Each structure stands twice: as C-alpha cells, then as structure tokens.
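Each chain, written out:
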Amino acid sequence: MSEDWRQGGFGLYVHWPFCAAKCPYCDFNSHVARTIDHAAWRNAYAHELERSAAETPGRVLNAIFFGGGTPSLMEPEAVAAVIEAAGRYWTLANDLEVTLEANPGSVEAGRFAAYRDAGVNRVSMGIQALNDRDLARLGRIHSVAEARAAFDIARNCFDRVSFDLIYARQDQTLADWQAELTEALSMAIDHISLYQLTIEQGTAFGDRYNAGKLRGLPHDDLAADMYDATQDICGAHGMSRYEVSNHSRPGSESRHNLIYWHYGDYIGIGPGAHGRLTVGGNRYATEAPRNPQAWLDAVRKASGESERTALSGIEQAQEFLMMGLRLVEGVDPERFAALAGYPLPAKAVSELQDLGMLNVGKTNISVTDQGFNVLNAVLGALLAD
Amino acid sequence: MTDLDHIRNFSIVAHIDHGKSTLADRLIQSTNTVSAREMKEQLLDAMDIERERGITIKANTVRIEYIADNGELYILNLIDTPGHVDFAYEVSRSMHAVEGSLLVVDSTQGVEAQTLANVYQAIDADHEIIPVLNKIDLPASEPQRVKEQIEDVIGIDASDALLVSAKSGLGIHETLEAICKRLPAPTGDRNAPLKAMLVDSWYDSYLGVVVLVRIMDGVMKKNDRVKFMRNGTVHQIDKIGVFRPAMQDVAELGPGEIGFITASIKQVRDTKVGDTITTEKKGTDKALPGFKPSIPVVFCGLFPVDSAEFEDLRDAIEKLALNDASFSYEMETSAALGFGFRCGFLGLLHLEVIRDRLEREYDIELITTAPSVVYHIYMKDGTMQELHNPADMPDLTYVDHIEEPRIKATIMVPDEYLGDVLKLCQDRRGIQLELTYAGTRPLVVYDLPLNEVVFDFYDRLKSVTKGYASFDYQLIGYREDNLVKMQVLVNDEPVDALSMMVHRDRAEMRGRAMCEKLKELIPRHMFKIPIQAAIGGKVIARETLSALRKDVTAKCYGGDATRKRKLLDKQKAGKKKMRQFGKVDIPQEAFISALKMDS
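Residue numbers (the working numbering), protein chains in the order written: chain A, 1 to 385; chain B, 1 to 599.
Check the hints yourself; a few may be wrong.
Claimed, not checked - Chain A side only, calculated, beta carbon under 7 Å to chain B, not exhaustive:
hint, residue
1, Tyr13
2, Gln196
3, Thr198
4, Asp221
5, Ala223
6, Tyr260
7, Tyr266
8, Ala285
9, Gln318
10, Glu319
11, Asn373
12, Val374
13, Leu375
14, Ala377
15, Leu383
These are computed hints drawn from the structure, not numbers from a lab. Given the structure is predicted, the values throughout are model-derived calculations rather than measurements. Each residue gets a CB set at the ideal place from its N, CA and C atoms; glycine is no exception.
All chains should be modelled from the sequences, with the hints used to inform the complete structure.
Shown next as structure tokens:
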C-alpha cells in the first residue's frame with residue numbers, strides 16, 4: 001500500500017523570520033533585526049536542505065514556498081541557492097510552483113525581476129487593505145499607492161500573482177467591505193486570499209483587546225454576513241472559494257498550500273517552521289526553534305530541528321480531516337478510516353447532514369456553505385471522541 | 001484528678017468575626033498551655049476550611065491550667081463551639097457539657113443575630129454568662145451602648161461586663177480571673193457509679209473513633225470496660241486523656257472533667273452524641289436525657305464531573321460520613337448527570353463545607369445540583385411521603401396537598417437598609433412576625449419558607465445590606481402552600497437536574513429568570529435551541545438560544561496543524577465538563593448558576 005502522504009504531494013517550506021516592522025495583528029514567527037548576516041542564513045538553509053534531503057531520497061518535489069516574516073527582504077542570491085539546491089536533491093515536478101511572500105513596498109518591487117530569475121514563479125503580496133487609514137491601523141508600512149505600484153511590477157514579472165486582504169476590521173461596515181472587495185477583484189489576476197481579522201493572544205492587538213481597547217470589531221453576526229457576502233461577490237467574479245479563505249480561478253489554486261490541505265508531506269526549514277515527514281513508515285511532526293539566533297546555533301551544532309514527534313494513526317486522521325474539510329472539494333472518508341483505523345462516526349455525520357452542514361456522498365464528504373461558517377464546530381462534532 | 005472546686009467548664013458565644021477564636025488563642029497563650037513555638041493563629045480551628053473561612057465547624061476542646069491571683073491552680077476546660085446556625089445542634093450539645101459561657105460581643109458592632117441564637121442556647125442550658133466586650137482598643141468602640149444593648153435585647157446584666165482586646169491582650173488576665181470567680185464549679189460525686197456524657201465523637205485515621213466525654217459522676221480510667229447505654233455496646237478504654245489542645249494522656253478523668261477516650265470503636269455512627277457512658281459492671285441505671293438527633297434540612301445531588309470518578313466519590317463520601325453523622329447520603333441516578341449521591345445537610349454552609357472538603361481533600365470535581373428542602377407530600381390515600389428530590393415528585397393526580405418547611409428568621413440590620421430587607425423578605429413569601437429595635441438597630445423576625453432561603457437568600461441579603469445584616473434561623477415546622485414542580489426543557493428535552501419545586505405565584509418569575517440565565521450559560525450550538533420552563537405540560541417561560549453563526553479559523557497552513565489538533569484536544573477536555581442532553585451540551589456551572597437570581 002502506498003504511503004498516505006503521496007495523496008497530498010511533497011513540498012518545501014522555507015521560513016525567513018525577519019520583518020522591517022512587526023504588525024500588531026501578526027502572530028507569525030517574525031522578528032525585527034538591526035543587522036542580518038545574510039551569508040550565515042544562506043549557509044544554514046543549505047545545511048538544512050542537505051539534512052532533509054538525505055531522509056527523502058528519490059521524491060518528486062511539487063512546490064517551494066518562501067514564507068515569513070518578510071521573505072522579500074531575502075537577498076535574491078539566497079533564494080536562488082535554495083531553489084538550485086532543491087533541484088539537486090529532488091526531482092522537480094514539471095509544474096513546480098515556487099512562491100515567495102512579498103511586501104508591496106517599493107524596495108521589494110525592485111527585486112522582483114531578480115527573484116524571477118532565481119526561479120520564483122509566483123508571488124503572494126500582503127496588501128491587506130485598500131485604504132490608507134486602515135493600513136495604518138493594521139500597522140502596515142506601505143500605502144495603497146505603493147501597493148498598487150508594486151502589484152503592477154509583480155504582474156509584469158510573474159504569471160501568477162496573488163494578494164491578501166484582511167477584513168472584518170475595526171469600524172468596517174458590510175457595505176465598506178463589499179466595495180473594497182469589488183475593487184480588489186478588479187485588480188486580481190488568478191488568486192486572492194481573504195482573511196477575517198483574528199485577534200491572537202500574544203500580539204499587540206491581543207493585548208489591546210484584552211484591555212478592552214480594541215473597539216469597533218464586528219460581532220459574530222456581522223462577521224458571518226461579511227463572510228457570506230465575500231462568497232457571493234467572489235463567485236460572481238469567477239474567483240470562487242476553494243478553501244475557507246482562499247479564492248482562485250479554476251486551476252490557479254496555490255499548489256503549495258494544497259499540499260497542507262491534502263495532507264501531504266512537507267519539509268519545514270527555518271526558525272519555527274513545522275514539517276510533516278514520512279520516514280520509515282512513520283509520519284513525524286517536526287518543529288524548529290523559534291528564535292532566529294537559536295535556530296542558527298542549532299543548525300551549526302547539528303540540526304535545525306528541535307522536536308520530532310511520531311504521529312499516531314488517529315492523530316494523522318484528525319489532522320487530515322481538519323485540513324481537508326477546509327477545501328470545498330472535501331475529503332475521501334476512506335482515507336480517514338485508513339489512517340484512524342475506524343470510520344468517521346456515522347451518527348455525527350448524519351446529524352451534521354441533517355443540520356445542513358455536510359454534503360455526504362459515497363466517496364466524498366464536504367462542508368456546505370453554511371458549514372464553512374462554523375467549520376470548527378463541525379470538526380468538533382466529527383472528532384468528538 | 002482535680003477537686004470540683006477548682007474546675008471551671010465554659011464555652012464562648014460570639015458572632016462570626018467578633019473575636020471568639022482570637023480570645024481563645026489568648027487564653028491558651030497567656031497560660032502557657034502551648035509554647036510560643038507551637039502557637040499559630042486560631043489554634044482550635046484545625047481544618048483548613050475552618051481557618052480559611054474563619055469559622056468553627058466542629059466543637060473543639062482545650063484544657064487550660066491557670067494559677068489564679070489567690071494562688072490556687074484552676075483547671076479551665078473550654079469547649080469552642082461553631083457559631084453558624086447550620087451547626088446549632090453542635091452548639092446545643094456542647095452547651096450541656098459546661099456550666100458557663102463567655103458572651104463575646106464586638107464593642108464596635110454590637111449584638112448580632114447569631115449571637116442571639118447562641119446565647120439563648122446558653123440560657124437554655126442554665127449557664128452563668130459573663131459578657132465580654134471585645135475590640136475595646138478600637139476608636140469605634142462603644143462599650144456603654146453595647147452594654148445597654150445586651151441588657152435590652154438579651155436581658156442579662158451587663159454592668160460588670162469585661163472590657164477586652166483579645167488582639168492586644170488587654171483584659172485577658174481579668175477574663176481568666178472572672179472565669180474562676182464568677183462561673184460556677186461543676187457538681188458531681190466521685191464515689192457514685194460512672195456517668196459520662198458523650199459530647200462529641202470523630203474519626204481519627206490513627207486512633208479510630210475519638211470520643212469527647214464530660215464526666216458527671218464517678219471516675220473513668222484506662223482499661224475500664226465501659227458501656228454505651230443507648231445500644232448497650234461495651235468497649236474497653238485504650239486511651240484516656242485531655243486536650244491541651246494536643247492530646248495528652250491522663251490516668252483518669254473524674255467528675256466535672258472533660259477529656260477524650262478511644263476504645264477501638266470503628267465508626268462515628270456507632271457513637272450517639274448525648275449518650276451516657278457508664279461502667280460495664282456496677283454502672284448507673286439512670287441515663288442522661290440525651291439530645292434529639294440533628295436532621296438534614298437541605299438536600300442536593302452531588303455528581304462527579306468525570307463520571308469515571310463515581311467510585312472515588314463514593315469512597316470519599318463514606319469517609320466523610322464516618323466523621324460527620326449529621327450528613328446523610330443515598331445513591332442517585334440522573335438522566336443528565338449519571339450516577340451520584342443525594343446528600344442531606346444541616347444547612348447551606350454545611351453543604352458548602354462538605355462539598356469543599358470533597359473537592360479539596362479528595363480531589364474530586366463535583367457538579368452540585370439545585371439545593372432543595374424536604375417537602376411533605378400528602379397523598380389522596382391519606383399517606384405522606386417525604387420528597388427530597390423534585391425529580392421524584394409523584395403524579396399530581398394522586399397528590400392531595402404539599403407542605404413545605406418554614407423557618408423563623410431573625411435579621412439584624414442597620415436602619416438605612418431596613419426597607420430593602422423587608423422587601424427581600426416580602427418577595428420571598430415572608431410573613432413579618434416582629435419588627436423591634438435592639439438599641440438603635442432594627443431587629444426583624446420573619447416567618448419564611450426554607451425553600452426561598454436555600455438558593456441565594458443569604459447572598460441577596462448580604463448584597464442589599466452591603467454585608468451589614470446578620471441573619472439566623474430556626475426551623476419552625478411545615479405548612480401547606482400552593483407548590484408546583486417546575487421543569488426545564490432544553491431543546492424540548494426535560495433536564496431533570498434543573499427541576500425544582502416553586503410556589504405557583506412565583507413560578508413565572510423563576511421560570512423566566514432560569515431560562516434567561518441558561519441562555520447566557522449554554523454555548524451557542526450549530527442549531528437554535530429553545531429553552532423552556534414548564535409546569536406539567538404548560539410552558540410558562542421561553543427563550544431561544546440562536547444558532548452559532550461564525551466559528552472558523554481564518555488561517556490554517558502547515559505550521560498550524562499541530563496547534564489546531566491541540567486546540568481540538570482542549571475543546572474535548574472542555575466538553576468533558578459539559579453534560580449532554582440530547583444534542584445539547586450544558587456546562588456544569590449552569591446547574592448551579594441557573595438557580596441564582598440577580599434580583
């Protein structure tokens with residue numbers, strides 16, 4: 001029997017942990033540093049790639065993703081070195097996708113051509129909002145005009161350009177969002193990610209929220225209405241949802257992210273990066289030290305991996321379902337059963353079906369429009385015991 | 001042995017916080033009964049709960065040796081009694097083991113309701129009473145006014161009340177002298193057959209059952225074979241001693257003395273408080289009158305949060321019951337909560353104390369259902385059933401009428417809150433019996449249904465009077481009223497643990513409050529949930545909990561898989577603390593919080 005990960009593919013995630021400034025809503029592993037020793041980082045990535053490759057010989061690599069932090073602060077040479085090494089260690093898929101997350105600032109835009117020459121074929125830009133007041137509130141250092149200019153440069157350099165927006169922001173009305181989204185879709189090429197603002201603990205917004213100082217956030221009903229409106233507007237523009245927060249033209253989905261949602265294997269290198277790796281018949285969850293210097297030191301000593309945990313069949317089944325039901329296409333319940341050793345609970349499935357939360361077919365289960373709004377509760381019910 | 005003339009037995013009567021434990025500490029300390037090294041605050045309150053809450057639950061005893069100003073050695077036996085109404089029964093029996101009382105009144109506060117209840121018990125037991133005005137060093141102290149109040153309200157002479165500050169030690173010497181001079185010596189005949197009163201008993205994990213005794217006549221010695229007269233059982237005394245306050249062995253106990261014995265007794269239930277102990281041979285044939293047994297008045301269900309802990313709960317309850325004969329329990333099954341116990345308590349504080357001890361000493365998380373009182377259900381066939389649990393309410397077609405327990409509540413309250421207190425009592429179906437003034441403070445006496453008091457009356461009273469009211473009650477009997485069983489339906493399913501007996505006129509109000517509260521307490525589900533209160537088949541209140549509209553993680557990529565899975569585990573752990581009713585998960589706190597009313 002073939003290993004489960006093959007049904008999801010194989011990807012490489014590279015984490016660049018530095019940003020020019022920390023955004024108040026962001027709980028990603030990002031750091032602001034005065035100086036960066038670019039050579040040290042390039043060497044460390046090379047070392048980690050070599051170590052990972054030794055465990056995964058003969059695989060086909062489907063996608064590479066440079067995330068952060070702000071990977072558009074990486075020297076193009078470092079990006080090129082990673083891509084070049086990947087080509088040496090693995091067989092690159094014909095349709096290999098190489099994505100780099102980029103800040104829509106003028107400095108970064110100047111490097112886009114160099115990234116393209118290094119092998120990047122897709123950028124994902126953190127535009128976040130299309131009005132300057134809200135950009136400032138979100139702690140972004142770019143303006144709308146800069147973002148539009150950077151976006152134009154990007155679309156000249158790359159065939160595939162995606163961008164992110166954050167909505168359900170402070171004091172945003174439903175009409176505000178509908179207008180902004182319509183404007184965004186007129187810019188969009190083939191892919192757009194639309195995230196509802198989530199207040200995470202441990203962020204500046206989280207602290208402000210706890211202190212009762214983050215006012216004007218939409219209550220659940222308005223947030224749900226905004227989400228529903230998002231689906232209507234995107235659908236009308238031919239950019240339907242394929243994942244909870246991701247929209248694309250058919251065939252332009254993010255291949256790298258699909259590896260996560262299809263529960264494939266992925267190598268994670270860089271500070272705080274996670275991976276899922278099947279080695280010797282076991283699937284492992286890997287983690288790396290979050291602190292950039294600690295990670296560099298660990299790599300220098302032996303390995304940038306701080307933890308490796310074997311996942312049980314049931315844990316894999318849970319992760320498979322949690323990731324897979326985020327996709328409109330849904331999941332194959334047989335794959336869940338093969339991992340867990342037992343089928344999805346029939347009672348919960350039929351109750352959720354009766355409530356209009358699930359579409360249940362013979363070889364496929366997926367979440368309905370209504371179910372997407374309360375996906376966490378749906379998953380909770382399916383994985384109750 | 002000590003001759004009777006030099007023994008004084010006494011207790012201390014006081015309202016909570018008026019300084020009873022501090023005074024006891026000072027008496028023990030100033031007579032060097034305990035070395036400075038061993039001294040700790042509230043020596044006699046041994047249980048954690050007692051120290052934390054500043055209350056005394058079990059009677060405690062200490063023997064103090066004091067050389068008086070006349071140069072003679074006196075043995076002073078103090079029985080420290082609980083102050084709270086729930087433990088009035090412990091107070092009453094302890095009172096019968098001593099001849100006098102110190103009435104401690106906070107001279108900045110004056111007489112409180114609890115003081116009254118306990119001082120009447122002392123008067124009933126024919127005590128000589130010495131008034132002690134405490135906290136005399138505080139600027140707010142008003143000794144003259146409080147003396148007048150004691151004379152007015154209690155009707156005892158307070159002209160030579162002692163002026164004391166237990167905290168600073170002022171007046172402690174005078175108190176010791178007054179105990180020797182003003183309290184009567186016990187009487188008794190050393191040569192008569194042994195007659196000892198069983199004052200209290202408790203379980204000690206090393207010694208087995210320890211019995212607190214007061215010798216009336218005769219002498220008790222180690223190895224004596226003694227008979228417990230009530231059921232005729234005979235035991236040999238293994239150990240005999242006194243409390244200082246640690247156990248100290250003595251050769252014998254003679255008339256007037258108070259001490260303990262152990263005699264290989266296995267269960268506290270085998271010893272009957274108030275029983276008479278005599279020698280197996282040549283014993284007395286005249287038993288002491290004994291006490292009436294305490295009866296539980298408040299009942300509630302205790303269920304383990306984790307149903308796998310039921311056996312642990314059973315063990316814990318059995319162990320606690322070994323030490324506390326006043327609390328009763330029987331197994332109960334609830335559709336909602338699974339297996340648990342229906343437990344009976346002397347009152348709400350007793351309930352809380354037992355629940356706290358189960359949770360703390362035995363580490364079992366509990367769901368406590370609505371407290372209920374014992375109703376008398378008179379059936380059409382002329383029989384009467386006691387109803388301890390509303391879920392067991394018989395079919396109404398067979399019921400003739402229902403009677404409920406009533407209490408006489410004594411409340412003392414500053415003038416400015418009087419109106420609020422009267423309104424509260426009136427709202428709770430109270431009948432005013434008295435409204436008088438104790439000095440300048442109003443004293444209100446109400447006839448109230450106990451079931452209106454068990455939920456949150458005390459909390460409400462504290463909140464409307466900002467904590468300035470004092471409250472005490474006694475049961476006065478049963479009376480018929482228009483009582484109905486109110487059911488709560490969540491998503492059309494009756495939740496047995498939430499059903500309660502209410503007065504018909506108050507049912508709508510209670511039902512509405514309950515539904516509103518549940519609406520807040522139950523988390524939103526994927527579907528809308530009707531919450532209804534009903535009497536029989538008739539819905540009297542209804543709320544709808546709307547469906548969950550938004551609960552989805554916006555971002556979930558490779559690094560989030562582990563985090564999401566852990567979140568799910570946390571959710572599952574949280575769900576364990578909920579109880580499932582049909583398709584609805586109800587959090588355990590709902591079972592208690594839903595019963596508390598905000599207004």
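Which earlier hints can't be squared with this structure? Nothing - there is no hint that the structure violates, so all of them hold.
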